[in-house]
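Engineer: Residues per chain, in single letters:
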Amino acid sequence: MKPPRLADQLLEFFCAPHRLEEVQGDLHEEFDYQVKRIGERRARIRYWRDVLGFLKPPAGWPFAIKRKATAYSTTHTMNPTMISNYFKTARRNLIKNQTYALINVTGLAMGIGAALLIFSLVRYHHTIDTHHQKYASIYRVTTEFVTPEGNFNVTGVPYELGKALRNDHPDIENLAMIELYRDPLVAIPVANEPDRKFKDAHKMGAFVQPSYFKIFDYEWLAGGPAGLAQPNTVVLSAENATRYFGTTEVLGKIIKINATLNARIVGVFKDYRDNTDFAYSLMASWASLPEFHDRPLNVDFDNIDSGTQCFVSLNSHFTKADWDRQMLAFVKKYKPHGLKDTRFPMQPLRDIHFSTETGGVSSGLIWSLFAIGIFLLITACINFVNLATAQALNRSREVGVRKVLGSTRPQLFWQFMGETALLTLTATAIALLFFQFGQQLAQEYLHGVFRFTFYYDPSVIGWLVLIVTGVIFLSGFYPALVLTGFKPALALAGRITSRQVGGFSIRRSLVITQFAISQMLIVGMVVVANQLQYIQTKDLGFRQKAILTVRLPSSPQQDVGKMENFRHRAMAIPEVEKLSYSMSGPPQTGWISQTVIKFDTRPEPEKFTPQQKFIDAAYVDVYGLKLVAGRNLQPADTSREALVNETFVKQLGIHNPAQVLGKILHTARKLEIVGVVKDFNERDLKSGIFPLLMTTRATKYYYASLQLHNGNFERVIHQLEKEYNQLYPDSYFTAQFVDEQLQEYYVQEQTMAKLINFFAGIAVVIGCLGLYGLVLFMANQKTKEIGVRKVLGASISNILWLFGKEFARLIAVAFVVATPVAWWVMTHWLQDFAYKIDIGPGIFGIALLATVIVAALTVSFQSVKAALMNPVKSLKSE
Amino acid sequence: MKRSYLGEFEEIVLLTVAVMEGGAYGVAITHEISEQTGRAVRLNQVHAALERLEDKGMLKSEMGEPTAERGGRRKRLFTVTAYGRRTLQEIQEVRVSFWARLLNPFKPATSL
Chain A
11 MKPPRLADQL LEFFCAPHRL EEVQGDLHEE FDYQVKRIGE RRARIRYWRD
61 VLGFLKPPAG WPFAIKRKAT AYSTTHTMNP TMISNYFKTA RRNLIKNQTY
111 ALINVTGLAM GIGAALLIFS LVRYHHTIDT HHQKYASIYR VTTEFVTPEG
161 NFNVTGVPYE LGKALRNDHP DIENLAMIEL YRDPLVAIPV ANEPDRKFKD
211 AHKMGAFVQP SYFKIFDYEW LAGGPAGLAQ PNTVVLSAEN ATRYFGTTEV
261 LGKIIKINAT LNARIVGVFK DYRDNTDFAY SLMASWASLP EFHDRPLNVD
311 FDNIDSGTQC FVSLNSHFTK ADWDRQMLAF VKKYKPHGLK DTRFPMQPLR
361 DIHFSTETGG VSSGLIWSLF AIGIFLLITA CINFVNLATA QALNRSREVG
411 VRKVLGSTRP QLFWQFMGET ALLTLTATAI ALLFFQFGQQ LAQEYLHGVF
461 RFTFYYDPSV IGWLVLIVTG VIFLSGFYPA LVLTGFKPAL ALAGRITSRQ
511 VGGFSIRRSL VITQFAISQM LIVGMVVVAN QLQYIQTKDL GFRQKAILTV
561 RLPSSPQQDV GKMENFRHRA MAIPEVEKLS YSMSGPPQTG WISQTVIKFD
611 TRPEPEKFTP QQKFIDAAYV DVYGLKLVAG RNLQPADTSR EALVNETFVK
661 QLGIHNPAQV LGKILHTARK LEIVGVVKDF NERDLKSGIF PLLMTTRATK
711 YYYASLQLHN GNFERVIHQL EKEYNQLYPD SYFTAQFVDE QLQEYYVQEQ
761 TMAKLINFFA GIAVVIGCLG LYGLVLFMAN QKTKEIGVRK VLGASISNIL
811 WLFGKEFARL IAVAFVVATP VAWWVMTHWL QDFAYKIDIG PGIFGIALLA
861 TVIVAALTVS FQSVKAALMN PVKSLKSE
Chain B
579 MKRSYLGEFE EIVLLTVAVM EGGAYGVAIT HEISEQTGRA VRLNQVHAAL
629 ERLEDKGMLK SEMGEPTAER GGRRKRLFTV TAYGRRTLQE IQEVRVSFWA
679 RLLNPFKPAT SL
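Going down the list, the protein sequences come from chains A and B. Under the working numbering, the first residue of the first sequence is numbered 11, with each subsequent residue one higher. Under the working numbering, the first residue of the second sequence is numbered 579, with each subsequent residue one higher.
One should not assume that every hint holds.
[Unchecked claim] Example chain B residues on the side facing chain A (calculated, C-beta under 8 Å, incomplete):
#, residue
1, R648
2, R651
3, K653
4, R654
I should point out that these hints are in silico values taken from the structure, not numbers from a laboratory. The C-beta atom is built at its ideal place from N, Cα and C for all residues, glycine as well.
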């Protein structure tokens, strides 16, 4: 007859060990007695009640709750008296060592604040579009061109691709075509008044098929996507609806897209959060496109606009692997002449944001930022560890006394960890201020680039907790270990020397780590800056300065008469020197028109598909293109003659450009090659050069390029706008300088470069702070030594070298460590670019020099002070 | 009169220990009290009281012999200290003196 085991175990766990035997004995005896008296079942219940009775806390402390077995319990770490003592000691120490405390707190605050900013930025980029339920199964079909220089991706696909895919692969779950509509212009009809126009520069609208909303998730405030099956319908974001009409109750109202296309509002959806790449505030029905363009959609596979995109969501019936297998057959069927150089790969949604080729953010740069964030924290922690161990000597007596009075090592350990935590938390409070401030700056400077807002994401709190815990442990652990390791006898006798204080070599290697990090960051900064400078100033092969491009209304057939009229009006402005009409400027606008060609008498079409560009005769002159053979085009409104670029000639398999002159190209028309232009870069320098064919065709000109004299450009633009608005009252004037347009290619890189510079700068500053503290400490330690040396005749430079040689050695070692790592990382980064700088020894020289200078400045500040000190003073004071 | 304050329950426990003369331990005391007073006394209450009394120095204890029904565990046997005895006496004296001054002693049946 045994009492319940569980109750017994409970008792054994909770009961004070020295009381257990008698209590349990009594309980068992009672149980035995009760079994005889009232039966086993009730005795068991009673046993339970009795055991719980021992656990139930009566007034004061519970009797049988676990207590020390010894008669005199030792003071517990969590005793309030001890805690207040810890706080008192910590406070006194901070006050005594204000400089060190300040250095530590500032360093940590900067580190934590900056790291928090970086981590939330990284997180932001990684949460882009993840809120869509089908996130993992959404793909974008893109066009890939295979050229000898490598493969280039264009986000767009031919119009017909959607229909063809749907036909051939009915198992695809959902498929939606979408055409982007840049800088949407919307007119709201107002009774008895001119239309109210809204121009949303740098915003996006789109034309979509209703299935788009089966792929992506939207919340509808009114209406829904069903109406988008009809032409002349549109859905708006709540924000836009409010802007146009002052209310979101707008179903059934009419807006004029591009000021011409009437569209009935059939739905209003909830505004986007910022973490999406598909922020289209206005989406009209795909069926409206022919009316919008005023022509039927192209049915060929040669015209590709990067804005005409195809999204699919796949399931197990049809996967990306299925597509990859069948893609070639698809290309063969629909674009046989592109079999060698055209592919239509599927790009997963999760890659879209990070694909630099298709306008995404470089994930390499994001990860570099992340690495910098880690570096920042490491540097700050190293400061802390260095200063704390350096100071450990001062606290050896305290440790000795505490140990003699009975402190155990774990108690002391947690005391010092607690102090670290206190400093870290103080720093965190300041860091949060930095974070707040940094957020506002980021909002101001980055918003245009990343549409970036910090919303109070719970992850920020998660990051904070993670960072703070990490920092406390990284910076507290080692010093606490050193401090608690003192032997009390030695400590009290004052016989602990710096030799025992956590081996100087550890401190050295930490400083080396810091220097190495600084050098790597500096190399990174220099390489990024040089590369950006290089690609922005590299000769692209055409003139960029003082050329203004004016966009003409995008009608399918340009009115040649009006264009002549505009030319006359523009040329009348004195600053305008030359004017050229063309389909696009040399900097590509995302629109690629390709064509199949047959060359000369060759029977088969060529196996490459050149890009086709319509230009007038002045184009070559305005953009300063160089002819390597032949002559310029004759002025003409229709296509008769052609210019090709060197790559084109190479692709034909011909070496001497002069050989192609006078030969006939068979496209839709017969073109005579009259000249070969030197290759020029149409796209950014990340991609190479496409084979290009240029010919005249006035009805396909969409841009006017005006070469300007020096003068008041503001006034010129103003005048042009006036003329333009008179000629094209339904349209909207847009003008941009070519060099500015080129800058836009690099906005993301530049922003990232700025961020990297900023944060790397902070890391270097934190490192300097630590170095400063360390030298301060050394100077204090060596006060006597310096005094003696000076008395014995050492010069000031001797004494400076005393400080300098140590750090010079450390820098040298750090350089050896940092160089290969930095070289490897940066070479990797540069691989993204088609044109890149060489990483020569010069760059590492600069990094080394910069570190030496920064370190020398930091070190000399204190060491000069120490060296100039009067030895009488330093030797007299005890 | 200077001495530790003694609660009513503590007094009863102390008296019981005195009465039991060396045979006093948790279970026995509990049974004795419930038999004599008819109160539903619980083991943990008795233990708590014993502990308090020992802290006050009115009881002392030692471990006894192991017995089979306790699974071979020893009992803690309590005895009253001199201080404990004196305390009990003082309480008794105070009571007696009050009773003596009572002019109309209650008749048991008509109390209340």
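Engineer: So which hints don't hold here, by number, going up?
Structural biologist: The structure conflicts with no hint, since it agrees with every one listed earlier.
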